[in-house]
Amino acid sequence: MATSIKKLPDNEQVLSGNGACGGCPATMALRMVGKALGPNAIMLLTPACAVASMGMTPRLGYNWPCINITFASAGSSASGISHALEIMKEKGRLQGELPTVFSWVGDGGTYDIGFQALSAAAERNENIIHFCYNNEAYSNTGVQRSGATPRGSFTTTTPTGKSQPKKNMALLMLEHNIPYVATATVAYPGDLYDKVVKAKSMRGTKYIEILAPCYLGWQFDMAETVQLSRMAVRSGAWLLWEAENGRISFNNPTAQIISGKKAPEPVDEYLLKQGRFSHLLKGPDARERIAAIQSDIDREIAFMRERAKIVI
Amino acid sequence: MKAAVQVRMETGAYAAALAAKYARVDVVPGYPITPQTSIMEAVAAMVENGELHARFIPVEGEHSVLAAAVAASAAGARVFTATSANGLLYMHEVLHMASGGRLPVVMCNVNRGIFAPWTLWADHQDSFAQRDTGWIQYHCSSNQEVFNTILQAYRVAEQINIPVMVNFDGFAISHCLMPLTLPAQEDIDRFLPPFEPEWRLDPAHPSSFSNVTMAEDYAPFRQMLSEDILAAIPLVKQAAQEYREITGMWDGDTIDTYRLEDAEVVVFAINSMAAELKLSVDILRDEGIKAGLLRPRLYLPFPAEDIIQALPKNAQVMVLDRNYNFGHPGGILAAELKSVLFGRRNDITVKNRVMGIGGVDLTRRFMANEIKAMIDE
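Sequences listed follow chains C and F, in order.
The opening position of the first sequence corresponds to residue 9 in the working numbering, with each subsequent residue numbered one higher.
The opening position of the second sequence corresponds to residue 9 in the working numbering, with each subsequent residue numbered one higher.
Only chain C is shown next, with the shape it has when bound in the complex:
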């Protein structure tokens, strides 16, 4: 059982007053992450929503030392900080428990421009946590397509809907043989909290990806962020899983979908709640287009079910 939201620690690393949109899932998730990491951490960000909303210089809405670095560089810059802290401690210039070094980066800085540096950091098994808050587009620049945008979704650079499926980034990170990979989303805060606590306790590269339904990019009512997050999981469009030292296990309700105890909810309701898919309703091929998305989801469920059976 995941930790109950009522039992999460009281500490707040996301301070009151910042520039995030109402209902921002990334900021909600960061609040949970902060409860798990505590204050002894150093935060890296790349140019993205989380920087645009943290407060203009010199104000700061996050209660950590925060460095905004070049867009492609979360993996390499986090490595630099991690090594700097460790050598400074070895040389006696730092005392006590070293801070957790973590990156808080969107899907653009993870799937796309940041992929090379992140892949290399994981291959070196750097002692960092990389969080990807995945809103499935470049939301900060006004919603353009990314490698995380699902098939069929409208963005300003896919005006008739993206024609390719998203890539499975968390699985790609798993194949770097790093000690911990997990997926999460804001509708399951206790699950997210537990995963961050676990990641913090492990040495090496940890990757946690958080599905972040963005009302602006996905075009839904901002009061329904958590509901969209839950619908994504229940439909199987987002799978909750974690892998410790390469062994995949699924978390509820995804575990029930994978084991066949519960059928995923049809994806229609989830899609049609979002303006970014509304063009799917139009035209004579509407059913086929929805069916193509359903088939992407079914494929991922089947693939991850089989992938989890590989235990070496």
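To be clear, the hints were calculated from the coordinates, so they are not data collected in a lab.
Among these hints, one or two may not hold up.
What the hints assert, rightly or not - Sample of chain C residues with no beta-carbon within 10 Å of chain F, all distances over it, derived:
no., residue
1, T168
2, K269
3, K281
4, R307
5, M312
Claimed, not checked - Which stretches of chain C does chain F cover? Using the computed rule of at least three CB atoms under 8 Å from a CB of chain F, they are:
no., segment
6, 44 to 53
7, 56 to 63
8, 79 to 87
9, 91 to 101
10, 116 to 128
Quantities reported herein were computed from a predicted structural model and do not represent experimental measurements.
Cβ coordinates follow ideal geometry from the N, Cα and C atoms, glycine included.
Please arrange chain F on chain C, whose structure you already have, making use of the hints.
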């Protein structure tokens, strides 16, 4: 002073790695590129065998080299790295972050011509293309100067929080053995105290670094950087003088001169070709031409006042550029020199040739002949 001095034969690349060791650097991110590779190989070996207590991070490309470097510097570490040519170009946006972020990284650039077409050998297009990134740039003409300058570069960088690029030519310096005098470590420790930044990423003091700024904050940051780069000139001189007091070694401060006082023909050039040009000056003097050399060690900030003061009256200045100033005739050094002389030294004539591109050999005799031909132009 000068306890336990050693003299060894070393390449320029190894001299650079030894300087990083003497500077007691903490973090060295690295990536191979000819002709710089030997520096990173030497550092990796020194870290592996315990000779250098530091972390070597073998990242996956030069963009990441500098991204790791600036972040480690922001965490409070003394950082060293090196690159060449396209590696330097690949770093370009992070060069700006280092200077704008006021992070005192020291990096060697082993000069090499830029792709395309492909070349492995020296010219100065790579570092000159980074002119407007807000870095201080030295150019060295010997292995000893590479060693000495890296140590001086840390002093200056950390005093003023501006990164420093130490340039020297690929192969002509990086791969040639020359005598190298190594001072005593304790003397260098006196010259270069441990890095104690005023600010670093520290959970005890949460603060944001390089966050969004509005124009009223951004503009003053940029103004400060522009002014502080110019303010590096006295610090460069002071570092060279104190280094001489402690080690007895001297390569010049912002500039180096040779037979300049009574010269009527002044050769103006940087980096390894300037070492060879001392011999060209001797040839010209033997032939009755009153020649001399003015070699800027510091390319940025451009040591305008020192050059204006040093040039003899009515001299013809022959600028030998190992780069192109595309869109203009000739090279970049000549354009820089003319801009500082304009209205200040109207007695000076400036002539310019581009040579040595992509490693074309620059012998003393060749350059002496070129200078003679320029006199008659």
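Do the hints match the structure? See the list:
1. T168: 33 Å, holds
2. K269: Holds, since 43 Å exceeds 10 Å.
3. K281: It holds; C/K281 is separated from chain F by about 32 Å at its closest Cβ, greater than 10 Å.
4. R307: 31 Å, holds
5. M312: With a cut-off of 10 Å, C/M312 remains clear of chain F, as the shortest Cβ separation is near 28 Å.
6. 44 to 53: holds (count 5)
7. 56 to 63: With 4 residues closer than 8 Å to chain F, the segment 56 to 63 of chain C meets the three-residue bar; holds.
8. 79 to 87: holds (count 7)
9. 91 to 101: Check passed, 9 qualifying residues.
10. 116 to 128: holds (count 4)
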